[in-house]
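Undergrad: Chain V: place on chain Z using the hints.
Protein chains in written order, with this note's numbering: chain Z, 194 to 430; chain V, 3 to 294.
Everything labelled a hint here was simulated from the structure, so no lab data went into it.
Here a beta-carbon is modelled for each residue, glycine too, at the ideal position from N, C-alpha and C.
Check before you lean on any hint, since a few could be wrong.
What the hints assert, rightly or not - Taking CB as the label site, the calculated pair distances span:
| id | chain 1 | residue 1 | chain 2 | residue 2 | range |
| --- | --- | --- | --- | --- | --- |
| 1 | Z | Glu222 | V | Ala91 | 41 to 51 Å |
| 2 | V | Ala91 | Z | Gln211 | 39 to 49 Å |
| 3 | Z | Glu222 | V | Lys281 | 53 to 63 Å |
| 4 | V | Glu176 | Z | His323 | 51 to 61 Å |
| 5 | V | Leu132 | Z | Asn267 | 35 to 45 Å |
To be verified - Derived pair list, reagent style DSS-like, types lysine-lysine, alpha-carbon separation capped at 30 Å:
| id | chain 1 | residue 1 | chain 2 | residue 2 |
| --- | --- | --- | --- | --- |
| 6 | V | Lys266 | V | Lys281 |
| 7 | Z | Lys399 | Z | Lys320 |
| 8 | Z | Lys380 | Z | Lys399 |
| 9 | V | Lys86 | Z | Lys300 |
| 10 | V | Lys281 | Z | Lys263 |
| 11 | Z | Lys425 | Z | Lys263 |
| 12 | Z | Lys399 | Z | Lys303 |
| 13 | Z | Lys263 | V | Lys90 |
| 14 | Z | Lys300 | Z | Lys258 |
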Amino acid sequence: MTILLSVHDLRAYYGQVQALHGLSFDLNEGSMTTLLGANGAGKTTTLRAICNMVRSTGAIQFEGKPLNGKSTENIVRLGIAHVPQGRGTFTTLTVEENLQLGAISRKDTKAISSDIERMYAHFPVLKQRHTQQAGTLSGGEQQMLAVARALMLRPRLMLLDEPSFGLAPLIVRDLFNILGKINREDKVSILVVEQNAQLALEIADKAYVIETGRIVMSGNAQEIANDESVRKSYLGY
Amino acid sequence: MELFINQVLAGIATGAIYACMALAIVMIFQAIDHLNFAQGEMAMFSTFIAWQLMQWGIPYWWAFLLTLIISFVAGIVIERVLFKPLAKAPVLTNVAGFIALFAIVNSVAGLIWDFTIKQFPTPFGSSPFLGSQLISTHQVGMIGVTLGLLIALFLFFRFTRIGLAMRAAAAMPESARLVGINTSWMVALGWGMASAIGAIAGILIAPVVFLEPNMMLGVLLYGFAAAVLGGLTSPLGAVLGGFLVGVFENLVGTYIPGVGNELKLPIALALIVIVLVVKPNGLMGHTVVKRV
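Chain Z extracted, bound-state conformation (with noise of 0.2 Å):
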């Protein structure tokens, strides 16, 4: 199995206060691999730091080339789509526009509309709204709409800073479900940051534990929803 993103010693910091101390995980190609940790971990970081959206040191390497000194923008355009906490929606342009911004550092024109199609069909309520101011849309719908903005990228890596936030447990669920078809059937790798560990852990392929901005423990999710620390810590039984 190749590795896709490997991250080692990773420290970052806001002003002078270090969130991250030396982080080090891998995420294989194809896989769907989550972070786990309490508020204040470092989950969130983690993955601004691979987009070089807060000051870091340390090695990240995508595709075996390293991102350290690359524009957020650069990075993305690698084929890493973020969808940040708070969903980042375009509120004030309509969701076919958040759709097409998606795709804007992409030059295939033609395969853009269409891409925008297949999104439709995975996402059918984003068809009935496409002409609606994006802020207009249900914290659900808004959810969707960034998970679509994001594939718009055809991107090869997904991160997802917790999707499940401020969701009716319905909607996270069929969210998960969706995300899950992508990974296998669209060859999206994710990496998903959660507070919901239970269903991530459910999903994901491989799990890492974060605390104080240090990885404690890996390993697969079966083995780690199993550990009986991480059940008592994150799971609650």
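TA: Chain V only, in chain Z's frame:
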């Protein structure tokens, strides 16, 4: 009645210029959240460039086109050199930057072309339009060019990918970077376009106010009033505000005794204050609809 119609039409014509200035102001405000106090001086300098080109014998429309290109490039250069380094600086630092730019552009224009008033040609002529005493051909030309510009801008922002990228970068810079948009260059592009729009305004108004380094001061104030009236976040509002302010200015000057030409400028300032007190969002400034 004839006086009324005449004043309204003349107001629409100068309003077209205010609309251009307001649009330039709003474009930069959308991109960097600051008001460009030097917008008028940049427009004045562009107008001098057009005048100089014509002095060298270049025909009007070629000079017009060349000036737009030069202004566009100059706008980008000003952003790269002066304001990109200030992108994360506090508001007051930026304000100081704008005032410095204002003073520099004004003095340099005076240094090169001196402060004497110069005639500026119009390609439309100044005869009555279609034999009517109500409006001159130059005024019709001002309105026509402005409307053409507005339509072109609308099509650009609505239907081109780069226009969409610029809107996205202005609305949500971080999200824009996360879809691969180079937001920094979008800001520079906004500066270039605002600078070119200002050049159009300067060239169109110069035959009316005459060419000299302080020619845009009043126009810029009215442009600000128009932008505030329309709502600083809405390009459409800025345009509407421009036309409304133009008509309002003329009617007040004509019908309220004692106002005349001297008191027209305070009217612009009063309008800004009134709008900010009564309806700070302006006519079309949006409060974004959000459901979470």
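Undergrad: To test your reading of the hints: which numbers does this structure violate?
TA: Violated hints (numbers, rising): 2, 4, 5, 7, 10, 11 and 12; every other hint is consistent with the structure.
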